[in-house]
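Chains A and B are the protein sequences, given in the same order. Take the UniProt record's numbering: the final residue in the first sequence is number 1012, and no numbers are missing along the way. Take the UniProt record's numbering: the final residue in the second sequence is number 287, and no numbers are missing along the way.
Treat the hints with caution; some may be incorrect.
What the hints assert, rightly or not - Each computed EDC-like pair below joins lysine to aspartate or glutamate, with the alpha-carbon atoms no more than 20 Å apart:
(1) A/K426 / A/D397
(2) B/K96 / A/D616
(3) B/K95 / A/D208
(4) A/K598 / B/E88
(5) A/K928 / B/D97
(6) B/K95 / B/E64
(7) A/K960 / B/D161
(8) A/K959 / B/E33
(9) A/K647 / B/E88
(10) A/K542 / B/E134
(11) A/K961 / B/E32
(12) A/K764 / B/E134
(13) A/K972 / B/E159
(14) A/K959 / B/E32
(15) A/K812 / A/E789
(16) A/K487 / A/D499
(17) A/K961 / B/E159
(18) A/K905 / A/D917
(19) A/K590 / B/D63
(20) B/K96 / A/D917
(21) B/K71 / A/D616
(22) A/K979 / B/D34
(23) A/K542 / B/E159
(24) A/K960 / B/E159
(25) A/K598 / B/D97
(26) A/K969 / B/E32
(27) B/K19 / A/D208
(28) B/K19 / B/D34
(29) B/K71 / A/E591
(30) A/K980 / B/D37
(31) A/K590 / B/E33
(32) B/K96 / A/E1001
(33) A/K980 / B/E159
(34) A/K238 / A/D254
(35) A/K238 / A/D296
It should be emphasised that the hints constitute simulated quantities derived from the structure, not laboratory data.
So you can see what is in the structure, the chains are spelled out below.
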Amino acid sequence: MSATTNIAAKMDIDEAAIDEGLYSRQLYVLGHEAMKKMAASNVLIVGMQGLGVEIAKNVVLAGVKSVTIYDPNPVTVQDLSSQFFLRQDDIGKSRAEATLPRLAELNAYVPVRNLGGKTGQEISVDLIAGFQVVVLCGVSYNKQLEINDWTHQNGIHFIAAETRGLFGSVFNDFGPKFTCVDPTGEQPLSGMIVSVEKGSDALVTCLDETRHGLEDGDFVTFTEVQGMLELNGCEPRKIAVKGPYTFTIGDTSDFGDYKTGGIFTQVKMPRIIEFKSLTESLKSPELFVTDFGKFDRPTTLHAGFQALSDYNTLNKRLPRPRNAEDAAAVVALAKKYNPDIDEGVITELSYQANGDLSPINAVIGGFVAQEVLKACSAKFHPMMQHLYFDSLESLPDTLPTEQDCQAIGSRYDRQIAVFGQGFQRKLANHRQFLVGSGAIGCEMLKNWSMMGLASGPRGIIHVTDLDTIEKSNLNRQFLFRAKDLGKFKAEVAAITVSDMNSDLKGKIFARQDPVGPTTEDVYDESFFGSIDGVTNALDNIKARLYMDQRCVFYKKPLLESGTLGTKGNTQVVIPDLTESYASSQDPPEKETPSCTIKNFPNAINHTIEWSRTQFDNLFVKPAQAVNAYLSEPNYLQNTMKYSGQHKEQLEQIISFLVTSKPLTFEECIIWARSQFEKDYNNDIRQLLFSLPKDAVTSTGQPFWSGPKRAPDPLTFNSNDPLHLQYMIAAANLHAFNYGLKGETDPAIFRKVADAVIVPEFTPKSGIKVQVSDNDPVPQDNTGPDDLDELIAKLPPPSSLAGYRLIPVEFEKDNDTNHHIDFITAASNLRATNYGITIADRHSTKQIAGKIIPAIATTTSLVTGLVCLELYKVIDGKGNLESYKNGFVNLALPFFGFSEPIAAPKNKYNETFWTLWDRFEFKNDPTLKDIVDWFRENHRLEVSMVSQGVSMLWSPFVGKKKSEERLPMKFSKLVEHVSKKPIPPHVKHLTVEVMVSDEEGEDVEVPFIVVRI
Amino acid sequence: MTISSTAMRRVMRELATLKKNPPEGIRIQTNEEDMMDVAGIIEGPEGTPYAGGYFKVKFKFTDEFPSAPPKCWFATKIFHPNVSSSGEICVNTLKKDWKSTYGIGHILVTVKCLLIYPNPESALDEEAGKLLLENYSSYCDRARLITSVHATPRTRPAEFDTASSEDAASTSTAPSSKPAATTAAATTTTSSLPSLPLATTGFTLPIGSQKSVPGGKMGEKMGPKERHLSPSPLSTADANVGGKPAPGVTVAVSPPALLEGTKAVKRAATGGTTTNAEKRKKALKRL
């Protein structure tokens, strides 16, 4: 670290605490430990063209100690094909210098530096000392070998990456002994056990046939085991899987006898990984497979990329686009490395060597950035060791000619080199609707602007997002800056990408209308008629299903994608070809049974779910009920009619509006104190009164065993930080309901809380045991008299005109509003009741806020894959084999591709049909017209007709209604049954029918479109 | 709501089936305006303290139906260990054991089974659970009382005028039995309803009137395909043991101090028997 050029050594920036507001979503992917290690790593990225900037962008967003870039060469117009941080007026400047300011503003915590250098100067060993990770982009193999020899010996993590047209390559060498602390990134498994054998290889059995999910070689430790106490907190023991519910843990013969109980918890053991140097690895490569459908391609490309580098060294230029002569030379060079290569693939590699595509850079750049983070943090398993990727299927069905691929001095030259000018015009005149402008949306627009999508005279991009920009977005939605907070996402994104490529100025229409049944007057038939396809960039299933429905109806291709932490998936939906998004859905997460939440929690997520509900029950619903009572005429009468709980609701309104209404903050503290007593002492004592700790079940087993943990009441202690935390949060939220000023000084809370006299609690029996038949039967207690008495206690709404409570609106990302504080404290108090290990605020926030972990690397990669499919959609490919649905997990890492599933075929009579088919009726026919049409044309008898959620006609509608409805015009019928007018913008109705054939068998038929 | 058209078709098909051939003791109410607004009515099974009652079970479908179960709750007050005071039902079918092939009928049959075999071990209403375990007859008394006050209409719901597949297929007519003396609602005349196969103990509650079971439909043969399988194994959440009728359950707990707790009981205890009897009369008058 003595070299004067070693600027990394000077980067002694204080290790600041992690900004949880900014990194919130990413912290749920990487964890605090990994991020702390990243904050100590200096990263060098060499080569600032499309791929280099993509990697740098993702690493800067992720947050490392510093990023240094190196590329002294001047910007050319061709660089603009994929380098999204370069502009027309940067041409001639050094790439690194021009890129630096735009990179630097992505993340205030990450200093970005330029390593300098002169035009034409290559990177050299003397420049790279002091960095923990060195990434070389598009550097010749000779140079890679020279640098890698040094890094391999000096414990520096080395990555080389390169993209050529639709091809990409990555090489990893994290040194001869690299320690990976968490190879999968999955939560450690844990579960309850019911038996442990005593023996030389003891068998452990899990409770209630719950799958343990462990694999051979995993390690576990135990807690709460009774009898065989030696297991509690034992050193991690290696297991062997014996079955889905059983595993062995080695010798237990000297241990005590197992009695009952116990929880196993997986322990992640660090794994030592030995990397080969590049020299060694080129000779005997370990190849990572990205597509099992192209199993032999990595071998070919391993030779091909080396041949390409050789060609470049020999000829001082890359092979010309689609030039047969140059390609033959490359093939010949490749054969020297491996005579068995696929010549066709090498030929394409040579043809496209000049190509530089934003989608491929997004895929490889996202992937490499994650590998950089792995090198810094030791979190997740690194890729071993060579990756080769291609998307040759994205080429147009009609291949471009050599002439068509010539450079024309345009910013799209490097895309034209692959697809030709003809296809570039198609891209330019394409019309897409992007639904969502969040993480995926931003990346999508960036790729599209580089591709020149919609830059032509006919081209247009509609983008919609109802959201405004929040701080936690800035960590990965890279089109947004701190100055944009609070602005509409779609608008800012549209402006930013038009700036990236000025050809898009005036071509992007930003909207805030969410997609859904309420905006069908905005996104109507003429809107869908004016677009060629839809790209989803959504974060919820509901909107995805809705867009899927619309795309099926209007027969528009749909590109769908999503991410979850390091996992991502993409799906292509093509009209009249593939199934739709709704055809195969992942099962949603199973909910926990309500009695577990209410009485028998055994895991922290149960207490978090309980406290999240508690939050609503204390701070949202009562205030809403009071406001409804004050503002809605006849609220009480209506509540009485529809609710089985009117008494409880009435009592609540009385309590919040009359008996317990606080006038000072002190009264809020008292309220919080009594709430503490009720929830964590009295209710627990009541439960134990009903179900004592020694209760047994009908089979004589102890009641409180297995997943049922017997609770203990808590005694309030104003010196217990957890109790105090609860008091502060609860009192402040209660005060918020009444618009009272809050307070957080613990001393005040202690003083007030300790002075509260808590009434003695006696468990309620509620049970009158009938001793003899003459005794009266216990009386139910909700007679109208009681209610009348209660109502009499309420002031009439008119006496409180204008008075309202303020219901709390749950907001997880505000650290000063006490919301997550309350949920954390309440959950942890309950966990303490039940002897469950408590969770910190950060983990509680994720579960309570249902936060989906997210990181820029996955988004970048997934969006790249979507754009590779977009090339195919625009080419209009009509066969399934051309398209690919993708599944990736960057943590493992894993890539999987599959052909989309064909639209399933149904049949009525002799006719086959799919979800893309429909019957169409024009001119607002009558119901009878439709019924008759099916009978006459298809010998099908209509038995039920529905539109939307309305049941228009059915066997149980009754003869009179049936006769009344048959002659009605369809639009009138719909209005008649739904009791709602059809809005003027509705020009057609989607109708479902149930029909039976001549044998009386139910048959499925396509839906019906009725034009009105 | 954006329920997929396939889900909508399923609901439509199932509603048709349930209307045409409802499972025994179960009917559904539909709403033309909104097909997703479905309610089931479960006839309290004979031999249970719910007999004579008709319990409304409401459904709310989410966008993810049928991948995710519908929300489902009792809209009629009921005293039952696995039903909370707000009507919430704790049964695995509606949570972790949900399968996308399940439908409205399956849920209603499961809930009906829960009325016959309550599972006090996974109690949502721990008071009901405790009572069931400790004193079965008191549990029955209380459940019967709540049934009579909240779930017993003057005439049985019109939906039950249509015979179920089982009713119709059955040709035997069981002799009517004496109404149970302890049941407050047992005041109507007896009918000749076929005895229910699920009845486990002696008494049958008379409901409705004779003309409400049209003789014509009685003889109608239903197709052999029309079978309604009870979901099995029946398990409520967290059940460690199979559902078992609980009469005579032995519970080895120290006898709880009979502290008068709930307001109702307190009232009964302090007000004495007269007040209590009057209250009951009042309650009955309202029906």
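Each hint, compared with the structure:
Of the pairs offered as hints, the one joining A/K426 and A/D397 holds, with about 14 Å between alpha carbons and a cut-off of 20 Å not exceeded. Note on B/K96 and A/D616: the hinted pairing is violated, with a Cα-Cα distance of about 24 Å set against a maximum of 20 Å. Annotation: proposed proximity of B/K95 to A/D208 holds, straight-line Cα distance about 17 Å (limit 20 Å). At most 20 Å may separate the alpha-carbon atoms for a hinted pair to count; A/K598 and B/E88 meet this at roughly 11 Å.
A C-alpha spacing of about 43 Å is found between A/K928 and B/D97, which places the hinted pair above 20 Å, so the restraint is violated. Between the alpha carbons of B/K95 and B/E64 the distance comes to roughly 14 Å, so the proposed pair stays at or under 20 Å and holds. Taken as a hint, the A/K960 and B/D161 pair is honoured in the structure, with Cα atoms around 19 Å apart against an allowance of 20 Å. With a CA separation close to 18 Å, the supplied pair A/K959 and B/E33 stays within the 20 Å bound.
Restraint check: the Cα-Cα separation between A/K647 and B/E88 comes to about 17 Å, which is no more than 20 Å; the hinted pair holds. The suggested pairing of A/K542 with B/E134 is violated, with an alpha-carbon distance near 47 Å, which exceeds 20 Å. A distance of roughly 12 Å separates the Cα atoms of A/K961 and B/E32; the hinted pair therefore holds under the 20 Å criterion. In summary, the hint linking A/K764 to B/E134 is supported, as the alpha carbons are separated by about 16 Å, within the 20 Å threshold.
Proximity of A/K972 to B/E159 is assessed by CA-CA distance (about 29 Å); at most 20 Å being required, the pair is judged violated. For a cut-off of 20 Å, the pair hint linking A/K959 to B/E32 stands: about 15 Å separates their Cα positions. Between A/K812 and A/E789, the direct Cα distance comes to roughly 40 Å. Violation of the 20 Å bound is thereby established for this hinted pair. The hinted pair formed by A/K487 and A/D499 meets the criterion: a straight-line CA distance of about 17 Å does not exceed 20 Å.
Taking the CA atoms of A/K961 and B/E159, the gap is near 18 Å; set against the 20 Å cutoff, the hint holds. For the suggested pair A/K905 and A/D917, the alpha carbons sit about 10 Å apart, so the restraint of at most 20 Å is met. Proximity of A/K590 to B/D63 is assessed by CA-CA distance (about 15 Å); at most 20 Å being required, the pair is judged to hold. A threshold of 20 Å between alpha carbons decides the hint, and for B/K96 with A/D917 the separation of about 36 Å lies outside it, so the pair is violated.
Between B/K71 and A/D616, the direct Cα distance comes to roughly 18 Å. Compliance with the 20 Å bound is thereby established for this hinted pair. Between the alpha carbons of A/K979 and B/D34 the distance comes to roughly 10 Å, so the proposed pair stays at or under 20 Å and holds. Using a Cα cut-off of 20 Å, the hinted pair A/K542 and B/E159 is violated, with the two alpha carbons roughly 34 Å apart. For the given pair, A/K960 sits about 18 Å from B/E159 by alpha-carbon distance, which is consistent with the 20 Å threshold.
Taken as a hint, the A/K598 and B/D97 pair is honoured in the structure, with Cα atoms around 19 Å apart against an allowance of 20 Å. Straight-line distance between C-alpha atoms of A/K969 and B/E32 comes to about 18 Å, which keeps the hinted pair within the 20 Å bound. Only pairs whose Cα atoms come within 20 Å are accepted, and B/K19 paired with A/D208 is rejected, the gap being roughly 38 Å. For the hint pairing B/K19 with B/D34, the CA-to-CA distance comes to about 16 Å; that is within 20 Å, so the pair holds.
With a C-alpha separation of about 11 Å, the suggested pairing of B/K71 with A/E591 holds against the 20 Å cut-off. Of the supplied pair hints, the one linking A/K980 and B/D37 holds, its CA atoms being roughly 16 Å apart against a limit of 20 Å. Under the criterion of a C-alpha separation no larger than 20 Å, the hint pairing A/K590 with B/E33 is inconsistent with the structure, at around 31 Å. Pair hint B/K96 plus A/E1001 does not hold up; C-alpha atoms about 34 Å apart against a cutoff of 20 Å.
For a cut-off of 20 Å, the pair hint linking A/K980 to B/E159 is broken: about 27 Å separates their Cα positions. For the suggested pair A/K238 and A/D254, the alpha carbons sit about 18 Å apart, so the restraint of at most 20 Å is met. This hinted pair does not check out: A/K238 and A/D296 have alpha carbons roughly 36 Å apart, beyond 20 Å.
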